[in-house]
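Novice: Each chain, written out:
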Amino acid sequence: MWETLANLAAGLAASLEPLNFLMILVGLAIGIVAGALPGITMLNSIVLVLPFTYLMEIVPSLLLMTSIYIGGVFGGSITGILFNIPGDPMNVPTTWEGYQLNKKGQVRLALGMAIMASAIGGFLSALILTFASPPFAKVALTFSTVEYFAVVVLGLASVVVIGQVSVAGALMSLFAGMFLGTVGTEAQYGITRFAFGIKFLETGIDFVTVLIGLFAIGEVLDQLSGSKAGAGGDAAAPSTSRARLPSPRQLWALRGSIVRGLGTGVVIGAIPGAGATVASFVSYGLEKQVSKEPERFGTGVLEGLTASETSVNASTGGAMIPLLTLGIPGSGATAVMMGAFLLHGVQPGPLLFSKSPHEVYTIFVGMLLANLIMIVMGLLAARSFAQLMKVPEPILAAFIITFCFIGAYALRNDMADVWLTMLFGVLGFFMRRYNLPIPPLILGVILGPLAEQYFLTSMVSYGNDVTVFFTRPVSAAVLLTSAGLLLWPALKGWLARRKALRV
Amino acid sequence: MRSLPGAIGPALIFLAGAGLFAAAGRLPVVPVPGQLGPDFWPRLVLIGLMASCVLKILEVARGREGGGEPTALLPLSRPKLAGGMALVLGYPALAPLLGFPLTTSFFLLAFMRLAGTRRPLPLLVTALLGTVALLYLFVKVVYLPLPKGAGVMEDFTIFLYRLLRIF
Numbered sequence: 001m002w003e004t005l006a007n008l009a010a011g012l013a014a015s016l017e018p019l020n021f022l023m024i025l026v027g028l029a030i031g032i033v034a035g036a037l038p039g040i041t042m043l044n045s046i047v048l049v050l051p052f053t054y055l056m057e058i059v060p061s062l063l064l065m066t067s068i069y070i071g072g073v074f075g076g077s078i079t080g081i082l083f084n085i086p087g088d089p090m091n092v093p094t095t096w097e098g099y100q101l102n103k104k105g106q107v108r109l110a111l112g113m114a115i116m117a118s119a120i121g122g123f124l125s126a127l128i129l130t131f132a133s134p135p136f137a138k139v140a141l142t143f144s145t146v147e148y149f150a151v152v153v154l155g156l157a158s159v160v161v162i163g164q165v166s167v168a169g170a171l172m173s174l175f176a177g178m179f180l181g182t183v184g185t186e187a188q189y190g191i192t193r194f195a196f197g198i199k200f201l202e203t204g205i206d207f208v209t210v211l212i213g214l215f216a217i218g219e220v221l222d223q224l225s226g227s228k229a230g231a232g233g234d235a236a237a238p239s240t241s242r243a244r245l246p247s248p249r250q251l252w253a254l255r256g257s258i259v260r261g262l263g264t265g266v267v268i269g270a271i272p273g274a275g276a277t278v279a280s281f282v283s284y285g286l287e288k289q290v291s292k293e294p295e296r297f298g299t300g301v302l303e304g305l306t307a308s309e310t311s312v313n314a315s316t317g318g319a320m321i322p323l324l325t326l327g328i329p330g331s332g333a334t335a336v337m338m339g340a341f342l343l344h345g346v347q348p349g350p351l352l353f354s355k356s357p358h359e360v361y362t363i364f365v366g367m368l369l370a371n372l373i374m375i376v377m378g379l380l381a382a383r384s385f386a387q388l389m390k391v392p393e394p395i396l397a398a399f400i401i402t403f404c405f406i407g408a409y410a411l412r413n414d415m416a417d418v419w420l421t422m423l424f425g426v427l428g429f430f431m432r433r434y435n436l437p438i439p440p441l442i443l444g445v446i447l448g449p450l451a452e453q454y455f456l457t458s459m460v461s462y463g464n465d466v467t468v469f470f471t472r473p474v475s476a477a478v479l480l481t482s483a484g485l486l487l488w489p490a491l492k493g494w495l496a497r498r499k500a501l502r503v
Numbered sequence: 001m002r003s004l005p006g007a008i009g010p011a012l013i014f015l016a017g018a019g020l021f022a023a024a025g026r027l028p029v030v031p032v033p034g035q036l037g038p039d040f041w042p043r044l045v046l047i048g049l050m051a052s053c054v055l056k057i058l059e060v061a062r063g064r065e066g067g068g069e070p071t072a073l074l075p076l077s078r079p080k081l082a083g084g085m086a087l088v089l090g091y092p093a094l095a096p097l098l099g100f101p102l103t104t105s106f107f108l109l110a111f112m113r114l115a116g117t118r119r120p121l122p123l124l125v126t127a128l129l130g131t132v133a134l135l136y137l138f139v140k141v142v143y144l145p146l147p148k149g150a151g152v153m154e155d156f157t158i159f160l161y162r163l164l165r166i167f
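From first to last, the protein sequence lines are chains L and X.
Read in order, the letters of the first sequence are residues 1 to 503 in the numbering used here.
Read in order, the letters of the second sequence are residues 1 to 167 in the numbering used here.
By construction, these hints were calculated from the structure, which means they are not laboratory data.
As the structure is a prediction and not an experimental result, all values here were calculated from the model.
Among the clues, some could well be false.
Listed next, the in silico DSBU-like pairs over lysine-lysine satisfying Cα-Cα at most 30 Å (straight line) [claimed, not checked]: (1) K80/X <-> K104/L; (2) K355/L <-> K104/L; (3) K390/L <-> K103/L; (4) K80/X <-> K390/L; (5) K390/L <-> K104/L; (6) K80/X <-> K103/L; (7) K148/X <-> K355/L; (8) K148/X <-> K199/L.
With beta-carbon atoms standing in for the labels, derived distance ranges [stated by the list, open to error]: (9) K355/L <-> G25/X: 54 to 62 Å; (10) V132/X <-> L5/L: 37 to 45 Å; (11) A18/X <-> P135/L: 23 to 31 Å; (12) L36/X <-> A132/L: 36 to 44 Å; (13) E295/L <-> A18/X: 31 to 39 Å; (14) G19/X <-> K355/L: 36 to 44 Å.
Each residue gets a CB set at the ideal place from its N, CA and C atoms; glycine is no exception.
Same shape as in the complex, but just chain L (with noise of 0.2 Å):
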């Protein structure tokens, strides 16, 4: 203990050094805009630091690295409660009810709440993360693609608690999105499937276009059209849009999201594979499966996007311990961060603590100090992205079409990618104009491809045992978990019909 305070001293001196310092700045400035693009992902800015990590000493590369990690992941949640347009996938629950906050001109309070929950989250996660890295190693360790596969199956499971209109209908959508993730060359032979010889179908349809079409253009052909209430003025007015920070009594009442949303992130990030999406549907399934009001979710409910928000950035330090005590990396960030301790000689693992401890306690206070830098360059940022609320509607519009299009054609300098933007952008507006719920296709798409990785994995290495996932207690848990979540609303109206009869 106390060798851990000396050690975490000596990181706070280090850290504080003017270049390690200015990298956090730096990095977290680079995620949140990164994050916040559509498009422009948190893990593309680290790749394109990598390059310029060549020259530094390997602790400033890594500070850099873990704050655009730590602001990738929060950056998505400003544009998605501002303009309904998440970030990146992991956003997208916050964008639920954050984007409604919005609408009812509670933007200062969404924006104030997200900033503070992520910045608990991650800060909580990195004390975590140095206090608990070597036995929550241990347990991770022993998980196998049986236990990934459960734990998809709990975010995929969640579309009960997410779906609005009907169980029926949110199912249908999911199955739609989880087909949709099955075209394209399919990995284990090698074949193309549901191409039907159309050339850039074979590479697959990647999530990115789904989301930023289903969600951008989609509300945006939906305002323009004029069929929602208030359409083309329904966001906050611009000058109520700056971020103002919760109070310490709001924020002790959502004690308890901010709590399930830390445990959530955490093991969660923890499991190589899972990450922060993962663990953002989850927390916020989860957190509306307590909720005494779970009918009130997604119409700009604090407890969903407090919850949500927490747990992705807390899946930041999770991801860490994997990467730190195992030298296992569990996500492509963190993959990209054990390429650039390897550029620098050191490889991560279990003797990290021992031979680098300088290095490696520099990172866990760089981290806690990102996270709370994090309050005000997310206050900052908030602010200046809130400006273009004051751009008139017709201008916004144009322009947000115009940034999917970048956006869609960077993923890989395709204009196949822009087609499909586009196209899920007209089926989005459809979708919402025929009260089909958008969320659990895009939960779908972007998990679907992971859920039968893991599963048919699973089935080589056990022969075909499908018993496997329930010998296994953690998968069997995990597994009965879920199922208790697709079964609840069933189970919850008949209780409720049979109470009715007995009155």
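Please arrange chain X on chain L, whose structure you already have, making use of the hints.
Specialist: Chain X alone, transformed into the frame defined by chain L:
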């Protein structure tokens, strides 16, 4: 499903799912013995899709469309919607031919006009300056090779880039 008459929507999706299920069986690979083939997962998903369609049809038949409140939809402006969709789909169609700069200027002008901006000068200035700003940001700073156009339009785009000192 309010505007779709009854269960026609889910029924059509069910039929599409059945067609795709059959298509999955024609995938050109014989699975390795003891391993699941490439058609296994899509078929599992399509069974889920068709089952949820049946659930939806039953839900409609029972008159229980459950869930939350339907969104407040007002009658839509068909000319605006048609214009918006034409512009959204025309944008990627024209960009490879005319190049990103010209297509974007035209798109911005047309979309802002359609969405309600009336005054011509702000319309023109916003479209042109906006396009130039996007070119500087994404072509000069981020090195994104946005479409330059085909034939003479490619020459025009390169000339424009040189004029703006982007190249």
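Novice: Which constraints among the numbered hints does this structure fail? Numbers only, ascending.
Specialist: 2, 7, 10, 11, 14
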